[in-house]
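Asker: Between the sequences and the hints, there should be enough to build the whole structure, so can you do that?
Protein chains: 2
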Amino acid sequence: MPSYTPPTRDLAFVLHDTLKIHEADVPGYDELDQSFTSAILDEAGKIARDVLAPLNPVGDREGCTLKNGVVRTPTGFRAAIDTLRDGGWTGLDCDPAYGGQGMPNVLASAVGEMFSAANMALMMYPGLTHGAYSALHAHGSDAQKETYLPKLVSFEWGGTMNLTEPQCGTDLGLIRTKADPQDDGSYRITGQKIWISAGEHDMADNIIHLVLAKIPGGPEGVKGISLFIVPKFMVKDDGSLGDRNAVSCGGLESKMGIHGNATCVMNYDGATGYLVGEAHKGLRAMFTMMHEARLGVGVQGLSQAAVAYENARAFAQDRVQGRAVTGAEAPEKPADPILVHPDVRRMLMDQKSFVEGGRAFALWAASLIDRSHRMDDADAEGLVSLLIPVVKGFLTDKGFEAAVSAQQVYGGSGYTTEWGAEQFVRDVRIAMVYEGTNGIQALDLVARKLPADAGKHAMAFFEIVKAFLKENEGDAALKADFLDPLKSASKDLQAAAMVFVQHGMKAPNTALAGAADFLHLFGHVSLGLMWARMAKAAGAALAAGAEATDIYRSKIATGRFNLARQLPATALHLKRFETGAEPVMALVAAAF
Amino acid sequence: MPSYTPPTRDLAFVLHDTLKIHEADVPGYDELDQSFTSAILDEAGKIARDVLAPLNPVGDREGCTLKNGVVRTPTGFRAAIDTLRDGGWTGLDCDPAYGGQGMPNVLASAVGEMFSAANMALMMYPGLTHGAYSALHAHGSDAQKETYLPKLVSFEWGGTMNLTEPQCGTDLGLIRTKADPQDDGSYRITGQKIWISAGEHDMADNIIHLVLAKIPGGPEGVKGISLFIVPKFMVKDDGSLGDRNAVSCGGLESKMGIHGNATCVMNYDGATGYLVGEAHKGLRAMFTMMHEARLGVGVQGLSQAAVAYENARAFAQDRVQGRAVTGAEAPEKPADPILVHPDVRRMLMDQKSFVEGGRAFALWAASLIDRSHRMDDADAEGLVSLLIPVVKGFLTDKGFEAAVSAQQVYGGSGYTTEWGAEQFVRDVRIAMVYEGTNGIQALDLVARKLPADAGKHAMAFFEIVKAFLKENEGDAALKADFLDPLKSASKDLQAAAMVFVQHGMKAPNTALAGAADFLHLFGHVSLGLMWARMAKAAGAALAAGAEATDIYRSKIATGRFNLARQLPATALHLKRFETGAEPVMALVAAAF
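Chain order of the listed sequences is A and B. The opening residue of the first sequence carries number 33 in our numbering; numbering runs sequentially from there. The opening residue of the second sequence carries number 33 in our numbering; numbering runs sequentially from there.
If you are wondering where the hints come from, they were derived from the structure by calculation, not from laboratory data. Check the hints yourself; a few may be wrong.
Identical chains blur together in the list; that is why a pair holds if it fits in one copy or across any two.
Stated by the list, open to error - Cut-off 27 Å, straight-line C-alpha distance, at most; resulting in silico cross-link-like pairs (DSS-like, lysine-lysine):
| # | residue 1 | residue 2 |
| --- | --- | --- |
| 1 | 313 | 78 |
| 2 | 255 | 365 |
| 3 | 365 | 210 |
| 4 | 177 | 268 |
| 5 | 365 | 313 |
| 6 | 511 | 498 |
| 7 | 498 | 52 |
| 8 | 488 | 523 |
| 9 | 313 | 502 |
| 10 | 607 | 511 |
| 11 | 498 | 523 |
Since this is a predicted model, take the numbers as computed values, not measurements.
Answerer: Listed below in structure tokens is the structure:
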């Protein structure tokens, strides 16, 4: 059975040695000294390890069941949610005005990684609720906020996001769900939504559905979409629960993974709904919370890679099979631990260098969100807008790849349910799809984020890389292993970006055919930058005579591996990118 | 629900236009004119499509059950096996002396791809039986052959291969199963075997287990392993079945995929066994059939990619979502089919170019096996020995990747059980693990096959590439898109091979740390070569005024895509390879 070892030491290294959050001038960060964050991370890590992780295989095995409209979640899920609720974890980064803890995103993301790693399916229930909280916090009326937010923050009530319909996933312009205005100012919502995560469950007294629908007579396509609150139970003026609303779960999806989360067909049969924000501006309201939601999915991808790596590493240190080619390393045993074999190490180093680099990247993005939200810093907002599709797309594509690689370390055991490695693979697979497929992330990156403000934010990213290179050019320890490869990879990224600048609008298919490669190129350079920063931080700690030197030495070696073996992928992505649209578009549709 | 469209036209293109098997001087190939192979492929394709494919989701859903020692296979599996048995398909390439059809491997592999694509889990039952047939055919005594082979050929009896034990997978030297000699010349077999595919089932009257065990007092390690026949029911002298032998299924493995195949714990409690071949030479007997078995697993990888691609393509042509960026292509519909989007095409072209290139590669290898077996051609034997780990490792790694990419085309639907895309991913995943993990394939390639006969077979491969380039150097149509990139990629492969020649023995960790990259490098060049050959064949057909030109034009465009966008991966693999062992081995074991 898999276990979970919280990476609290590594998170502290990222937060304090690398990002130095305690020194940053972001309001609220002054609290985040190392003893404070340690206390939070240690406590969260214990819950992840002792409460959430043991339920992960249970959720996978039992799944959810639907009977007479009632969804039952797996054994123990409800009690685990109680633990999170009682500890205030469901509102960790929520507004204190509604009962939240008011912590910055950077800390909530660090905690979120551990919770998701331990049990991704379970954490989606509070995750979706948090999404509903964010949308209402940004766009709800004061009365709506008063009514709903405190209950969502505490997870007394759950929340959901209802976008997809059978005929429309990515293309929301095709939505058919109808919202008929009523005399009392409410709407009657009629339609079917599918793939609604946590759409119905037994863990909260009420569920607040946020539903995209069209008010008849409104504009065509995405410009005619509005956002509605549809509570499962009507809420009376005094806040107590009234009648059941005309919304029900019509079915549960059978799926590859995240079995512990109920993926529901939701039927709205003239349900009472309340408009959120302005009519026809629903999509904008939904997109408000997109940054955080997409960062959250990127962290999910990373989290499954992290727990998969951690378990594969333990397996490789324990399982004996064959002998090291350079001579027995455990002669007292019938064979050596498989960690001695270079190919097993290669796989583990791929995983480790991705996980630790990705962790730093995600937390850097989270710190930019904090800067943007808490300081109204438009540059931070612009930069993080650019990075978010990379965080989501790269960390989930590579997170899946790392989980598959971790599974491979086990040999045949990795294919059996017993060891748990295959569950991480099945669970993390969804992260490449939902909250916008990774193809959509790439499209968002090249068509929207890159050209935004005349390319200003991409320039800002390149400036960060350049400044780092310049600032450290005299550092001989960093030069060959970190600075030179980063410089070369960054040039590949700039070369690709120039193609967009020069041809983007004239040849849209070229941009779109190369979008996924561009996203990966960007991801590799981002991780290269994070590794260079971490190597510098580790070197500084060693130079300062740090007591426990293992983690710093390990950081430098792991970073070297990443820049030597992963970062050169930028040249391949650039090469593919430069082939343009022709090879991709050459075939007529019928020839596929 | 997924469907299966047999690629009979494409198989014919590989067999006849590209490999020109009907012109080859291999005994038995003279029969293989296009009308003959068409008849076989059409018939096999119909069985795959109509009999096997509909049972694929059934097998996944129902799985196998064990009750009172009896394993029940999924609904319909037994009837499907009857169809295969009645049509003589289970003995397609078996020796006519024992009731087989005597067809060459190249044709059996083409048929095998279709059968595996349609239902991989089901086809493992005859697949394992075929493995037992091959081992006994090569190493059994005449009496053993007479007794067992006709029944295995017809699948009246099933067969299994018993290697793995709880403490030993890859490292067979650790085997503990014991074979005590008896006065009558038989042995008493005692021990536990795990992960025995098709170890127990309800589809055959008897099951012939081939079991690796150690005769007490024999040499230590792999040199003391012998091979035994252990029938489920004892076979009387007249060939009729006698008492039940002391072998039983102690449990079924719960696993990620291939649910329709029973993966058994097999308990041998003093079961009667018969030595096959010489004592202590069991491993050699097992390895005899390794080429064919590993080719078969490579074909499994390819087959799942093929059926996954085929279904993803159909989805992309049908599902409408969004509009082409260059203007609506289906203005009469609410949106365009998603095939118009460059990123969707990119994914489909990745899959298509892998599937068609991989198919040609596998069938080329199969034709070399035929040449080796039927002509005692030592050069063919040497070359195919070198290629087999590439076929197995590359076609299963990339086959998995292609199945994941196909799943991605569906968006959210790909994650649901309903559409079947996720089953292909789960099923094909095992092919990267069994019959020697892909890490073992890479090790076999660099440590055994590459240096064999002083590197003669690798040189032969390079000569084939060089001869092709030379022979076609005046062909302007091939030059830029095929010859130049192939030449460049082949140079990368030669550069890596030179490192082995120069440093291989002195720095074994360098070779082993780079083994997986070398295997992939080799795989890319092999597919590049096959694509160049196919492009030439397609060009020749067009020049000769072929009537149906679509397939030929599609071949050239798909090949161009492969060489432009996939083949350049050789440079990345070479670069990784050249970093050597240091980055991989730098961390101390405790730092993982």
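Asker: For each hint, tell me whether it holds in the structure or not.
Answerer: Evaluated hints:
| no. | hint | result |
| --- | --- | --- |
| 1 | 313 to 78 | neither (42 Å within a copy, 53 Å between copies) |
| 2 | 255 to 365 | between (68 Å within a copy, 19 Å between copies) |
| 3 | 365 to 210 | between (69 Å within a copy, 21 Å between copies) |
| 4 | 177 to 268 | within (15 Å within a copy, 82 Å between copies) |
| 5 | 365 to 313 | between (67 Å within a copy, 25 Å between copies) |
| 6 | 511 to 498 | within (14 Å within a copy, 40 Å between copies) |
| 7 | 498 to 52 | within (20 Å within a copy, 57 Å between copies) |
| 8 | 488 to 523 | within (17 Å within a copy, 41 Å between copies) |
| 9 | 313 to 502 | neither (45 Å within a copy, 64 Å between copies) |
| 10 | 607 to 511 | both (26 Å within a copy, 19 Å between copies) |
| 11 | 498 to 523 | within (10 Å within a copy, 34 Å between copies) |
When the structure is compared with the earlier hints, violations turn up for hints 1, 9 and for no others.
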